[in-house]
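Turn these sequences into a full structure, and let the hints guide you.
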Amino acid sequence: MLLLAPMEGLLDDVLRAVLTRVGGYDHAVTEFVRVSGTLLPDRYFRRIAPELDAGSRTGAGVPVRVQLLGSDPACMAANAERLARLDPAGVDLNFGCPAPTVNRHRGGAVLLDEPELLHRIAAALAAVLPPGLPLTAKMRLGVADPGRARECALALVEGGVHGLVVHARTKVQGYKPPAHWEWVARIADVVNVPVVANGEVWTAADWVRCRAVAGVPGVMIGRGAVADPFLAARIRAGRLDAPDAAERAREWQVLLMLLEDFRVRVRRKVEPRHVSGRIKQWLHLLARNYPQADRLFTDIRPIKALAEIEAVMARHGVPLGAQASCVADTVADALPEAKRLLPIAA
Numbered sequence: 001m002l003l004l005a006p007m008e009g010l011l012d013d014v015l016r017a018v019l020t021r022v023g024g025y026d027h028a029v030t031e032f033v034r035v036s037g038t039l040l041p042d043r044y045f046r047r048i049a050p051e052l053d054a055g056s057r058t059g060a061g062v063p064v065r066v067q068l069l070g071s072d073p074a075c076m077a078a079n080a081e082r083l084a085r086l087d088p089a090g091v092d093l094n095f096g097c098p099a100p101t102v103n104r105h106r107g108g109a110v111l112l113d114e115p116e117l118l119h120r121i122a123a124a125l126a127a128v129l130p131p132g133l134p135l136t137a138k139m140r141l142g143v144a145d146p147g148r149a150r151e152c153a154l155a156l157v158e159g160g161v162h163g164l165v166v167h168a169r170t171k172v173q174g175y176k177p178p179a180h181w182e183w184v185a186r187i188a189d190v191v192n193v194p195v196v197a198n199g200e201v202w203t204a205a206d207w208v209r210c211r212a213v214a215g216v217p218g219v220m221i222g223r224g225a226v227a228d229p230f231l232a233a234r235i236r237a238g239r240l241d242a243p244d245a246a247e248r249a250r251e252w253q254v255l256l257m258l259l260e261d262f263r264v265r266v267r268r269k270v271e272p273r274h275v276s277g278r279i280k281q282w283l284h285l286l287a288r289n290y291p292q293a294d295r296l297f298t299d300i301r302p303i304k305a306l307a308e309i310e311a312v313m314a315r316h317g318v319p320l321g322a323q324a325s326c327v328a329d330t331v332a333d334a335l336p337e338a339k340r341l342l343p344i345a346a
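Just so you know, we're using our numbering here: the sequence shown kicks off at 1 and counts up by one.
No lab work stands behind these hints: they were computed from the structure. Take every hint as true, because none was put in to throw you off.
Each computed BS3-like pair below joins lysine-lysine, with the alpha-carbon atoms no more than 30 Å apart:
hint, residue 1, residue 2
1, 176, 280
2, 269, 304
3, 304, 280
Encoded structure:
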């Protein structure tokens, strides 16, 4: 099982749509919907997960589960019940966010010091969600140490969650390497639901080691997927060796079209002043694997005006200028050809 992680401010519906075009994922999870004392309107859920209006799937057909974050069991349950009417592919609970602002308001990973509260939240949602709708949770190993990790996992499972994703670091450790995958194995040993490992999977070799150490078949990929959009597809195709320069060059030709797809989608979603930041953000991560992305990022980094950035992108080969309504079709036409050259999953 390969899952596409949520990443607040980065891996939203726009990038989900682009990355899932390449293939390889069983399902994706949205960024969190913050639940804090009120019953949210349908439009709020749709803003975070516009896929709800398309059968809760991305344009490529990948199911999308909606993640909720909060600490009030009754309020969380009321919002989950309302969300369920929109027919999501699943509901996920966030006990993994380490952001100080979120944690100060009793959300995310800070709740891992309160296993009894985790149980009450899970049980409250399990009581109102329709049978057959997956209820899952994402957790870290703890706040400052993993001493209560298994207790937290058991609390969630006994409360009614059907599966767990474990980010193999504590809140305090944030995103600092390494990820402690051995703790995923310890958690999997004490629960009777599927457990998925998460954290520091940047390459197919990392995926192999993660599964071996964690002892579970499922892996969720976040930053690794953003930095290498073909990673999941390569894993699916059994291509576990590191790509050579020739393969990276072929991938870059497809990425040029995906970058244009991304640019058009971002322009539709956000104000023009925010578009350039989103483009730079993705290119900065792509530069880990693609020297072409590094050169493009270096050239546009000091530029603020979107028109100038787009002109530089065009000089680097990004096929700007296609009508917005045709961009998705352009990429779709290119992917069958790419499948002959690249390990892109169907």
